[in-house]
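Residue numbers (UniProt numbering), protein chains in the order written: chain A, 1 to 300; chain B, 1 to 315.
A few of these clues could be false.
Looking from chain B toward chain A, a few residues come up when the C-beta cut is under 7 Å (computed) [as the list claims (entries may be wrong)]:
no., residue
1, Thr31
2, Gly32
3, Phe46
4, Leu134
5, Thr249
6, Leu292
7, Leu306
8, Ser307
Just the calculated beta-carbon pair ranges, DEER-fashion [said to hold, decoys possible]:
no., chain 1, residue 1, chain 2, residue 2, range
9, B, Ser37, A, Leu74, 32 to 38 Å
10, B, Gly297, A, Leu74, 49 to 55 Å
11, A, Phe280, B, Pro227, 36 to 42 Å
I should point out that these hints are in silico values taken from the structure, not numbers from a laboratory. Think of the CB as a built atom: it goes at the ideal place given N, C-alpha and C, for glycine as much as any other residue.
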Amino acid sequence: MTATTLSRPPATSPTSDERIRRARRRRVVTTTLKHAGLIALALLMIYPLVWLVVSSFKPNEDIFRDLSIFTTNLTTANYPHAWNAQQYPFSHYLMNSLIISGAAIVGNLVSCSLAAYAFARLRFRGRNLMFAAMLMSIMLPFHVVLVPQFLIFKELGWLNTFLPLIVPKFLATDAFFVFLMVQFIRALPKEIFEAARIDGAGHPRMYARITLPLMVPALATSAIFTFIWTWSDFFGPLIYLRKPSVFTAAIALKGFLDSQESSNYGAMFAMSIVSLIPLFVIFMVGQRYLVKGFATTGIK
Amino acid sequence: MSSLGELRTLAQGRGRGRTAKPKITGRENLTGYLFLSPWIVGMLVFTIGPMLASLYLSFTKYKLLKPPEWIGAKNYADMLHDPVLAHSLKVTFTYVFVGVPLQLAVALGLALLLDRGLRGMTFYRSVFYLPSLLGGSVAIAILWRQVFGKNGIVNGALSLVGIHDAPGWIGHPDYALGTLIALHVWTFGSPLIIFLAGLRQIPEMYYEAAEMDGAGKGRRFVSITVPLLTPIIFFNLVLQIIFAFQSFTQAYIVSGGTGGPSDSTMFYTLYLYRKAFVDLQMGYASAMAWLLLLIIGAFTGLMFWLSKFWVFYDD
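Just need the whole structure built from these sequences, with the hints factored in.
In structure tokens:
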């Protein structure tokens with residue numbers, strides 16, 4: 001066996017060439033198949049969304065008669081119609097959502113970064129215990145605190161105001177972000193803080209002048225996720241906001257569903273699209289932050 | 001490291017604070033508490049206080065108009081004989097234990113397919129992730145009603161292949177829950193991204209070393225990829241189960257807030273919401289919340305215990 005192989009070395013090289021070529025061809029085939037499968041799956045997943053967009057531009061009678069997304073009979077009439085179909089124009093509800101989301105972002109960024117700085121950079125009695133409590137609160141089902149929280153806000157006379165949805169954010173109740181920021185601050189090089197300390201900087205200054213500017217990526221991730229969650233939040237507004245003047249876009253959309261049942265799909269789809277646009281824009285702008293945020297904390 | 005990993009470290013007493021313990025000065029103590037003060041207030045006012053209050057309320061009859069009336073363990077006893085509650089538990093368990101494994105299996109499979117050197121990775125990642133991001137919104141739940149409705153896209157596709165008498169999935173008690181599970185699986189993008197991040201953390205040199213030792217593709221997958229990915233699988237599993245137990249919006253919108261048809265989409269949280277804010281039985285709802293906490297806690301504990309047998313920590 002060994003002898004024959006050794007005796008004809010030139011004969012093996014074309015066959016091995018052939019083998020390499022065959023392997024390369026096989027790799028091209030598998031990659032192509034992979035891409036074909038992935039693209040098919042991607043199309044399948046995106047189809048309902050595309051259908052929603054196209055349907056929002058279809059006359060009502062066409063929406064269910066023709067399920068395809070290829071049609072020439074398009075109209076923009078659903079949009080202005082839906083915009084003014086409820087007690088307030090849809091812009092009113094969008095503005096409510098925007099105010100709540102904006103305030104929630106400010107609240108989360110300020111309070112969570114303060115807490116994160118303390119957990120990551122400061123030593124104090126009970127730190128481990130509090131840190132564990134913070135981690136566990138991430139996993140706590142909010143239903144356990146739901147009824148008493150509702151009663152607190154009711155007693156305070158805050159029902160039908162934005163306060164129940166905003167004030168907790170200023171008290172670092174979204175522990176996910178505290179954890180995300182702790183992770184980020186821990187990863188910063190210690191030398192920066194030591195140098196600042198030697199220059200006589202105290203913790204407030206190190207927090208404001210060094211940590212905050214360096215943790216902009218973590219802040220961006222938190223801001224983006226806060227926006228997405230608050231904008232899509234349904235449960236909070238459902239129990240705290242019962243008057244149309246304070247409705248968010250999500251609740252207005254649900255009102256649409258209740259009132260227009262089975263009659264005006266085009267309009268309902270149009271407002272669905274409008275309510276998704278801000279999320280979509282944030283998705284396009286903040287993709288890389290979103291991916292990073294996931295990797296560390298597993299937030300939705 | 002994940003939040004679960006941190007908890008595990010703390011529980012085993014290997015936290016950063018334990019390894020080096022210099023003297024804590026009073027001044028540093030004070031600064032720490034000052035920085036933490038918003039969080040401490042939030043924790044006391046919105047978590048610990050309400051938890052205690054909710055525990056108390058769970059032993060009372062409280063309908064908002066009159067002060068709570070102590071009734072002992074009656075709410076808990078009533079829960080044992082509440083057929084809707086039993087049914088809602090069944091619905092929720094089905095959703096969690098079918099939906100989560102399915103979703104994670106799809107996510108893991110695709111992560112393995114997407115990993116390492118496939119062109120267009122960012123594109124695929126974005127497309128697969130988009131549904132996760134929008135999935136929790138009312139608009140998508142509304143869309144889902146139409147997708148699985150009598151005249152929806154699904155039935156349209158079925159009639160293309162010759163099936164014309166398909167039911168209205170959303171309106172049929174046997175299938176309504178399945179459509180919600182489908183919606184859950186559709187949002188596999190978030191665990192997908194966590195899996196991808198986990199795969200990227202496996203050092204390339206492990207594979208190179210194994211290849212040099214003559215390990216084939218299959219062998220490298222079984223001996224390197226799978227064991228090193230188990231902490232990530234565990235993390236996804238625990239978090240997704242905890243979150244899935246709390247699903248609400250989709251069931252609410254798809255069923256019009258009723259949990260119908262025939263209670264087939266009466267998620268536990270939907271029933272809890274109805275008890276608290278439709279029937280105004282705040283005591284009963286509080287007891288239900290504690291049962292939910294116990295169930296989630298038990299499952300999390302069980303998963304942590306089981307993790308000893310299959311999760312591999314490289315430390």
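Cross-check of the supplied hints:
1. Thr31: 5 Å, holds
2. Gly32: 3 Å, holds
3. Phe46: Cβ of B:Phe46 sits 5 Å from chain A, so the hint holds.
4. Leu134: Hint holds; B:Leu134 Cβ to chain A Cβ min 6 Å, cut 7 Å.
5. Thr249: 4 Å, holds
6. Leu292: 5 Å, holds
7. Leu306: Nearest chain A Cβ about 17 Å off; hint violated.
8. Ser307: Nearest chain A Cβ about 15 Å off; hint violated.
9. B:Ser37 / A:Leu74: 32 to 38 Å: 56 Å, violated
10. B:Gly297 / A:Leu74: 49 to 55 Å: About 53 Å separates the Cβ atoms of B:Gly297 and A:Leu74, which means 49 to 55 Å holds.
11. A:Phe280 / B:Pro227: 36 to 42 Å: 39 Å, holds
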